[in-house]
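First to last, the sequence lines map onto chains A and B.
Using our numbering, read the first sequence as starting at 1 and increasing by one per residue.
Using our numbering, read the second sequence as starting at 1001 and increasing by one per residue.
Honestly, I wouldn't trust all of these hints.
Stated by the list, open to error - Simulated crosslink set (EDC-like; lysine to aspartate or glutamate; CA at most 16 Å straight-line):
1) Lys135(A) with Asp1140(B)
2) Lys145(A) with Asp128(A)
3) Lys145(A) with Asp190(A)
4) Lys135(A) with Asp1136(B)
5) Lys1153(B) with Asp1088(B)
6) Lys1113(B) with Asp1099(B)
Think of the hints as simulated: they come from the structure by calculation, not from any bench.
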Amino acid sequence: MNDAVIETNVEAGIIQPERKIELEGAVVLDLVFTLRDKNGNVTNERFEQGHSFLANFIKLLYCNAMRHHAPYADGAALSLVDTGGTARAGSGAATAAFSVGSGGLHGCAFRANAGTGTTGWGILVGTDDGTILPKDINNYALGAKIAHGTGSGQLSYGDTSIVPSTHDGASYSYAGITRSFSNGSGANIDVNEIGFATYFYWDTSTYRYFLLSRDILDTPVTVPDGQAMTASIRIRCYC
Amino acid sequence: MLKAHLKIIKEDVNHRPSVVADQPGRSFLIAFASLTARQMAQAEDGCKDSAGQVVTRSECDAPFHMTSCAGYGRGIYMGFSVWDEGYDADEQGIVIGTDSAAVQPDQYGLISKIESGEIAGQVMYYGTCLYGLTIDAGTDTAEFNVEALFHNKSGGSININEVGIYAHGGPGSDSWPNLQQYCIIRDVLGATIALGDGEYVRVTYTISIAT
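Pulled out of the complex, with its shape left as it was, chain B reads as follows:
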């Protein structure tokens, strides 16, 4: 069994952290099943990318690529430091949005994704990294973390209601920038996060298996 757990920490302008979400991830979407099966079978399975376009490719390059940091997850920004390589990338990795509509299994993206930027309604994306793979043979469990940092520099408050992961999977015959993004997880938060101007949020998904 594979599961996800979602934790969000907000840091105010004085860098005081507070946990604003700590909930089970509920929502692996159809793209996760489809991309896995497509890679298992090396066969077509029409799958919608995050723009809602059906992508019919027989093979898929790294269909769960999540790190927006030049392809490597080094986990170096623990504690809200910034890694420039992941800066301003809102098409891959953990993404945030404003809509609170319930999740359905065939959704292909966040309903209202917040774009990366510094103008009204935008939040700066500081990149997604992976770290902390552990295997515990004693409990027959294993996990790793997917984490991203966001900074509101828009001049106003922004409400966050949805969070997800866009995986960056390319077709076998194409290459950057012709790769597609697929939303493999979307979660609606239990409570709205009001992210004030100057504040940060760190979003962490813990992906785990239990045998």
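Just chain A, with the same shape it has in the complex:
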């Protein structure tokens, strides 16, 4: 009787996500979520590919490229819709957003470095999964922004810092910002949407707030009570 011989070939390796062809040449938003317990230990990390620059973003990029709030080529002052849903036509008050000015507000059209407790602008998170407000290029606010605090359903919004630029030498580069959040609400909170908003003088010398991106997550990020989350939005350029 012959001994049976069983051979196995084991190949091990890291499975890399397949790069989608349509990303070549694209600029997308990396959405990176890291959860930490009260001891600072990472309990979960999530990555999603965001896509959703909004109309306000391309309008501001257009104005930025012209260094002016009123693109004469199109015959009228350009309007942005603020986070309250009001259309605001640009005026000379917006100069500081695109040029050297006083008061430190230089080139702040994409400014999103909100500090602790600020929920009017910066990286913002919400609970809407698209039921309340379907995703649309003209979205001007999150569907259900989470309020700042430690009450029920609230997150404590923290500070913002830069994600320095980096590249892989071959196919992509990225840079962005990150913001911390903590959950002291007494219960878990599901984050279903994320975006970033900016603020500056636009139509008058009163600060206006404009949402520039909004993504609804494929899978919600659950922030357990007592844990902290950092949410990063990275501008990733594929070539």
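Following the hints, complete the assembly by docking chain B onto the known chain A.
Coordinates of chain B only, in the frame set by chain A:
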């Protein structure tokens, strides 16, 4: 998602136009990410200007300024007329070059930019303008165009293999002429464009988003 599309029309000495390039833009460079993040964070992020110098400034003035036409994009030269204000400016807006080496994400400029002028190896730059911002809520898309006109008056033929956009971003504390140029896009053409003496090319980037 933000993308760019590149279209180039050549006009011969008898003003007969022909499309000589029509391709997806492939190459937003690290400067685009860096300048965006720097403005978002209002913080330092060492970024190389088009000369390869690291610029470490905490704030940035209009980091995507592309129009070489006195700061305003009026789009008035549709059809190859000339706007004098953008004349002979090769440090800002759409630029062209001769090198065909592949794009890498950390490149900071064209590899062999053609200078503006009328002597051998040069092409006249007639300025860059922006126009045509449209928002289509039905398809959740939006776009605008960045366009420049070039004229070969060098007396000989010149090959164009690379195209890009130099954005003109200044640091918060400085002003003209101490502003830096940053190459935010570089593309290598699918086929060389031989631009004969007396011929024009109109280069158009369509910048678009799809939500």
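The hints, checked one at a time:
no.	hint	result
1	Lys135(A) with Asp1140(B)	9 Å, holds
2	Lys145(A) with Asp128(A)	8 Å, holds
3	Lys145(A) with Asp190(A)	12 Å, holds
4	Lys135(A) with Asp1136(B)	14 Å, holds
5	Lys1153(B) with Asp1088(B)	12 Å, holds
6	Lys1113(B) with Asp1099(B)	8 Å, holds
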